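Student: For chain A, the structure is supplied; the task is to place chain B on it using the hints.
Heads up: the protein sequence lines correspond to chains A and B, in order.
With the first letter of the first sequence counted as 1, position 129 gets the number 128 in numbering that gives the first Met the number 0; the numbers rise by one all the way through.
With the first letter of the second sequence counted as 1, position 167 gets the number 166 in numbering that gives the first Met the number 0; the numbers rise by one all the way through.
Accuracy of the hints is not assured; some may be wrong.
Straight-line distance between alpha carbons at most 30 Å, and here's what the computed DSS-like set of lysine-lysine pairs gives [to be verified]:
1. A/LYS279 <-> B/LYS302
2. A/LYS304 <-> A/LYS224
3. B/LYS302 <-> A/LYS238
4. A/LYS72 <-> A/LYS224
5. B/LYS179 <-> B/LYS152
6. A/LYS72 <-> A/LYS50
7. A/LYS238 <-> A/LYS55
8. A/LYS50 <-> A/LYS224
9. B/LYS308 <-> A/LYS279
10. B/LYS505 <-> B/LYS308
11. A/LYS55 <-> A/LYS72
12. B/LYS308 <-> A/LYS238
13. B/LYS425 <-> B/LYS302
14. A/LYS10 <-> A/LYS224
15. A/LYS72 <-> B/LYS302
16. A/LYS10 <-> A/LYS31
17. A/LYS72 <-> B/LYS308
18. A/LYS55 <-> A/LYS10
Hint data in this document are derived by calculation from the structure and do not stem from the laboratory.
From a predicted model like this one, the values you see are computed outputs, not experimental measurements.
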Amino acid sequence: MECVTAEEARKILTGQGLEQPLLQEAEAFREKYPWQGAREVTVPRYPYFGKEILAKALAALLSGANLLLVGPKAAGKNILAECLALLLGRPAWNVSFHIDVDASYLIGMDTFKEGEVRFRPGPVHECASQGGVCILDEINMARNEALAVLHSLLDHRRRLEVPGYEELRLHPATRFIATMNYGYAGTRELNEALLSRFVVLRLPVPGERALLQLLAYEFPDLQEKAARMMAELFMDIRKKYEEREISGRALDLRGLMDVLRLIRLGLTAGEALSMGIADKCFDSQERALVEDLLALRLPGDWRRKEFFSSC
Amino acid sequence: MTYESLRSQRQKRALNMVWTAAGAYGFRPEFLAFHQDGEPDIYLNSIVGFVHRHYDGARLAAYFRELGQSLLGELFTELFWLGLEEAAFRREEPLRPVLADLRRRHAERFLADDTDLAMQQLMMRQELAHTLKCVRCREILGEKVRLLNLWDKRLYEALRFSGAWGTEEVISAMEGIIEKFFRFHWQSPGRKIMHLAVSPRLGALLRKILPRQSRWGKGGEFAPWQSGMEAREFSLPGLQESRFSEGERERRFGAPLFGLARLSEIEAELCRGPHTHVRLWFTGERGAARPENLEFYQREQAKFRTELKELARRLRNCLLVHRQPLELPARSGRLAPGRVWRGRYLGDERVFSAVEPASCGEISVVLLLDASASRESRQALIASQAYLMAEALRQAGVPMLALSFFSEGGCTVLRRLKDFHEEDAKGIFSYHAQGWNRDGLALRALPEFLRGRRGRTLMLILTDACPSDDHALSREGLHLSQTYGGEAAAEDTAEAVKELRKQGFKVLALVNSVLAADLAEDFARRIYGGSYLRLQELDRLAATVGGLLADEIARG
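For reference, chain B alone in the conformation it holds in the complex:
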């Protein structure tokens, strides 16, 4: 098991501990507790859950935020948790006889983990809170409270919150502790953030001239303009030739899938009419998997595993149901007149036919992913969901081809991410969003990947139903060229869909768009007729496709 998947499993487990105790599965705790060896701490995670179950979550969260803003915010937060632990334990103990034992084991482990700490860990911890925690653990294990300092001792006693207290009482107890033991007005000093209200114009100027830093960015860095990033070329719609030669295309987009002669034939056939001045490129070179896609998948792996199992089971079940019948001789069943003589003269009682199911006819799936820049924000999610689908289909024995397409510099590139016969679908993690999407041309080029294949093919297109390209839509005669976008591009794509259907392919679109629902649906309807499904959230993509596919198999 890789480190990432182990980590994600442990997190999921810790989260489940919290949920079980909270009885609320939508609750997202501020933190999860783990032992030194990385195993989730069942006692502390359960305490977090119990606190959520018994107290007003919103009120506590607001109070924690308040505490966090003070100069000693970290210390106060830890002390408050120490008090809440005691209160939640006292409250749940009568209902759960196991809790005292869990608490004891937690205390033993906490004290054992406390030895051999790295210098960084020692530096990071709050010494006062840590001392009090150790004392609490020793007390749980039956030792006497040994605090030499009277101030510490009183503070420790004050943190024995009662299990009978409600939310306001625990908060006021903590307020009392702050007031009594930390005599200063803790809310006013220590503010590190200042808010300035300025006019929009001044704001824009300040943003230009002042360095900006994101608090939440990686390593605290914020890069509004990455060095080495290419500025998008600005061009007016009009007659533009794709500027890439074959060599250039190979260098930019990867090794070609077809020989030059074949490519020329395809281009001669498809790059005409509205696509006269653009080019095509087919490649099987995926490049390395995108780290952001892999990272996202690893992070959500536990969730995806459940989804994958469910999807594969559904597909297998569907294939099982729709097996074709096969008639075999049997001792009972429907009488087969042609075999009756065998019963009479040979004593063979197998004069009946029994129906045995056999595997169903071939069905294969093509998944075409729009890889234009509009998908950039959802890239990792799309890659993960496509991978789930591919893996589930593999487990169900349904061949699948995964492709992505985008247009750049007047060239529409179709990249094969997974071939039909490939067992490993990890190539899908190379999915990368860039450039534009000239849907009409990409769809027309699709059958090139399916030459020689038999059986039914279901084409699923993940799209925003908003084809657009910086290279114009060519017009014949005296008509002026116009941008490939809007209604004209939708019309062209609708034509391409019709052509695919004429060739016997079943085409279904999965529409996920940032456009307003009405507008996106309008375009989707124009292009795909009724054969589209609007996906508000892409995280149900695999499950939705599973359903569509199950219907398709059922239809026979």
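This is chain A alone, in the form it adopts within the complex:
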């Protein structure tokens, strides 16, 4: 949501038809916990389109629960998490999980400066003490042992013992949103202890309607016919991915947006689709399957005038 204020962005999100009581609750939350810290409340790059999902997720956070967003690639997990932070009026701390994440990476670590040991807080510590929205991105990329440190923060205790330092007490406005892609390369099962501390929301890959909304939002001058074809193209890729004929490389929503940007800058549809989608498949057979799929949807020689009404 480029060049819009936080208030305008909130209107775009709530304009999808969220229930009034929910909006009032969110408003009350923002008034109760006005943000005055140094960190900026950022406006997400794209709005999340999907009224039902948005409503469920917002309700979960307002109830005080931690939220686990589960969905395949291109389901919009991070966009949703950022939009929720905006609706709560709190800044987001993004913590990317990987295999070597450990307690010190999350909470903080000792450093040795000027002859003495000093504590350098990690992102979870910073977020929890200031009352931000902590986005635990791809939480199932980390080992379960490394995540055990979060247990007392995520449950009713809302606090954490930092050995040798003061106890960390959670700011009441702090919310945790974890994301995970089940079955993605490098991922693993979350253990029950951690899972029980979240409410779970399954996100579908955006359907044709949500995709058309997103395209219309991002490219207001995109012709209706071209938008429909791009949405259908994405649905074809999604289907092929779901049928396990191709990997998730070509199922790339960001790539689809890039394709339209490249076309707007003068590349042909064929060139842009290669760069944005097909060439992400390094396996030649997989690439051939994706290229065939693209060839059945869009004429490779189409240019911006076929896509954008302003050109």
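Tutor: Chain B only, in chain A's frame:
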């Protein structure tokens, strides 16, 4: 790239073209279209898919079958497809602006491919249908329809099916064409197959005295009894000595893996009690890869490639996760009291410990394949799945030993198909199903392959959990010998599993049986306790083993 793998990739690609257009990935088309150079024809394959998407597939398939039974079945089928092509194109064109261009390119290529045809190809094609196809292609390319014969011209026009028609309308249009242009009752003449209903006894007699021919067999041949095939020897359970000498065993089963002295020691230790009168043979000689195994693997290669990648990635990931921690000096992390003085006096800020992961302890896998005749029908599938596992484990850096076992003439043979250190797992394609399976003895002999190996060993046994041998289970004292099979054999095998576990091996069985589920499970439970997994379908073998192994690594 070999010819077979290129062919299989092209087929997979063509199939995907059909699926994309059909929007149905379970659809199995009657045919796939390729250009003269072997590349898949995206336009025609998509048309096949569109026809499936827009019309009632079952109704059309039934109608195609009906057409195929007539005397001019081939011609009618081709004409019907010509009509369907037009209809499907008209229907999809408004939604896909690219389709007209694809159709044009298809027409150009079709006409270009039409030159320099071999005599066989010319003889095989339906001239009328081919003429009409050429005219259609020229028309697509903007030329005028040039058909001199009025009958041809009218037929061509009748084949312009509308995109607005439904299934029944396209069928009735075709019926109308047959009625109008081919005036005879096309369903009655030309039947080449006759069905006779006879009593079972007469049927059995007829089958004995009449030559039989399978329509679907290779080259139309059917061989109920192959010449040179050895009849199975008939024997009653009782005291039988294995009749093979060492020389004979070497000739029949391959060069020995151990010297005679060692073999005698092993036999003295293992061939006693219930296995008193049988022998053992260990061989590393695999023989040539079985063509049927290779052919199956090549045919399904595209599918296997995806499966292999997935499996290797899963195993690598699992090994990565369970690396052991290694403590190193660092500038941040957990304070290491023993290093604090270095900060104070040497200005070394690395007074902390950081944990670096190191590779995990050794784990190796032994895969034992039951190679008895009961596996014959699944031989190629088992070989392919075992190969996938071996290859995935190699890529993940887990050593694996693959063995097969069977019993013949009172000798239980353990054949090494792939050794731990071998990089190439192609030897697994020599897997061949024959004889019986004396599981108890084979399992007891397994540790002979593992002498001197350290670390954890996971033994996976692909079995039907139904040990049986034509050589009896020996009993001591006055007990009568009984057949090696049923409960007695299960008991013996269960003992063997217990012995392996006592030696520290982790034993898991993958049970695939033709027996009823209850019965197979009952035997599997008796033999392996809870450590078995029932596999209904063997084509998930590699993935299942991947899961088991991942769990085992995770358990540490």
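Student: Against the earlier hints, flag every one the structure doesn't satisfy and list their numbers going up.
Tutor: Violated hints: none at all, because every hint is consistent with the structure.
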